[in-house]
Amino acid sequence: MLALTSIGAILLAVAYPTSRNQIGVVPPLPDSRPVAAAGRPGARPMTVTGDAVLTRWGTVQVQIVVQNGRITQSRGVRYPNLNLHGQALNGSAIPTLNDQTVARQSAHLDTVSGATITSEGYIGSLQSAIDSAHL
Amino acid sequence: MLEVRKAFVEQIMGLPISIHIRGQAARADATAQLVNDVFADLRKVDELFSTYRPDSQVSRINAGTLRLDDADSLVREILELAELAHRLTEGLFSVHLPADDSIRLDPSGLVKGWAAQRAFDRLEAGLAKQDICFNAGGDVVVSTSAGGPPWRIGIESPDGTGLLGVLESSDGAVATSGVRARGTHLIDPRDGSRPEFLSQVSVTGPSLIWADVLATAAFVRGPDAVSWLTAHPGYEGLVVDAAGTVTRTPGLDLLPG
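If you read the protein sequences in the order shown, they are chains A and B.
Note that our numbering has the first sequence beginning at 1, numbered continuously upward.
Note that our numbering has the second sequence beginning at 1, numbered continuously upward.
These aren't lab readings, by the way, just hints derived from the structure by calculation.
Beta carbons are placed, not taken as given, at the ideal position from N, Cα and C, and that holds for glycine.
Check each hint, because a few of them may be wrong.
Unchecked claim - Using C-beta positions, here's what the derived DEER-type ranges look like:
(1) B:Asp100 with A:Leu135: 19 to 27 Å
(2) B:Ala231 with A:Leu135: 19 to 27 Å
(3) B:Ala128 with A:Glu120: 32 to 40 Å
(4) A:Leu135 with B:Gly14: 17 to 25 Å
(5) B:Asp121 with A:Leu135: 37 to 45 Å
(6) A:Glu120 with B:Arg76: 27 to 35 Å
(7) A:Leu135 with B:Ile103: 40 to 48 Å
(8) B:Glu168 with A:Leu135: 33 to 41 Å
(9) B:Gly147 with A:Glu120: 31 to 39 Å
(10) B:Thr65 with A:Leu135: 36 to 44 Å
(11) B:Arg190 with A:Leu135: 21 to 29 Å
(12) B:Phe197 with A:Leu135: 37 to 45 Å
(13) A:Glu120 with B:Gly244: 20 to 28 Å
Given these sequences and hints, build the entire structure.
Here is the structure:
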């Protein structure tokens, strides 16, 4: 439940960007595309770094670990530093979002149907995580 | 058994379009080419129908600078489909929506499902014995002609932060209508009001076009949406009201998420 509450806070924060938007950069880990072999049962975990995507709030880049076709780990390697009412919100927000994405992978889904799915909400969405595992 | 699967994603019509192909041809060049052609088709549909583009045919029809008789045959096809949808839903679904003191043409609610089903049909015709999972902004249509397991489709909760459950489908569609992430609320075409009784309706059935139309119409219908959906053979529904209560038609097999 804690994770869900945090997500709400992050989305609220992201919806009100300030003039202090900056890009926080963590040195990316070695990219090990392609991920196809990671879908094979018993395969070793593979690390995949997604493309850097420019969103209206800044550049976001996510790295995932895939094993047996499932995302087992996920973290933001590039994200906007947002400042809301003097309270800094930065990369620590991305792992929270990712924890939820990873948790929901446990349902072992192929795709997601919902009313709130738009291009703007695609980054960090469950559908984008599923897609990333099979690109 | 080694599962060969490939995902393709593009952002078109303001929506993420995700295509997953499962089977021996999933990674073939010809498959990638066909998927590219399908994405190009969808971009063409957006150019014709987008209400956000001032130069689209729909915008020009609304501005009075394009006559229906001169419109693309696809525009006329959608308008015929819209008439049928209007009749079948007893007026709960319409592409002619009240706006201020006039009626504007807004086929967006029909175009998404229609374009997705059309794109899926083209993929299915071109890809023999492959499993296909097509998702256009949360509207899903699947097949399993390669004989793979049913696709597992998660139904998101109305606020998008959790799952209501999972549907397994080997062949068919799932559409979800509700209050969008930002802005555009569904409108009751009969009086221009904004239905507030429900927060989300998902409908499954053989055609994405009709699953989508029925989901939108049931949302507008409100309190008796479940019994209304039950009267449509071949289609099943999952309904969430504004208070968060989830109900479903008797034939819907929803697995825990």
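Hint by hint, here is what the structure shows:
Distance hint for B:Asp100 and A:Leu135: a CB-CB separation of about 45 Å, inconsistent with the stated range 19 to 27 Å. At about 42 Å, the beta-carbon gap between B:Ala231 and A:Leu135 misses the expected band of 19 to 27 Å. For B:Ala128 paired with A:Glu120, a C-beta distance near 37 Å keeps the hint of 32 to 40 Å intact. Against the hinted window of 17 to 25 Å, the Cβ-Cβ separation of A:Leu135 and B:Gly14 comes to about 21 Å, which satisfies the hint.
Take B:Asp121 and A:Leu135: their Cβ atoms lie about 24 Å apart, and the range 37 to 45 Å is violated. Restraint check, A:Glu120 to B:Arg76: a C-beta distance of roughly 32 Å satisfies the suggested window 27 to 35 Å. Between A:Leu135 and B:Ile103, the C-beta spacing of about 44 Å keeps the proposed range 40 to 48 Å intact. Checked against the hint of 33 to 41 Å, the pair B:Glu168 and A:Leu135 fails, with Cβ atoms roughly 24 Å apart.
For B:Gly147 paired with A:Glu120, a C-beta distance near 37 Å keeps the hint of 31 to 39 Å intact. For the pair B:Thr65 and A:Leu135, the beta carbons lie near 42 Å from each other, so the given range of 36 to 44 Å is met. Here the CB-CB span from B:Arg190 to A:Leu135 is close to 44 Å, at odds with the stated 21 to 29 Å. The supplied range of 37 to 45 Å is met by B:Phe197 and A:Leu135, whose beta-carbon atoms lie about 40 Å from each other.
The hint said 20 to 28 Å for the Cβ distance between A:Glu120 and B:Gly244, and at roughly 25 Å that hint holds.
Hints 1, 2, 5, 8, 11, counting from the list given before, are not met by this structure.
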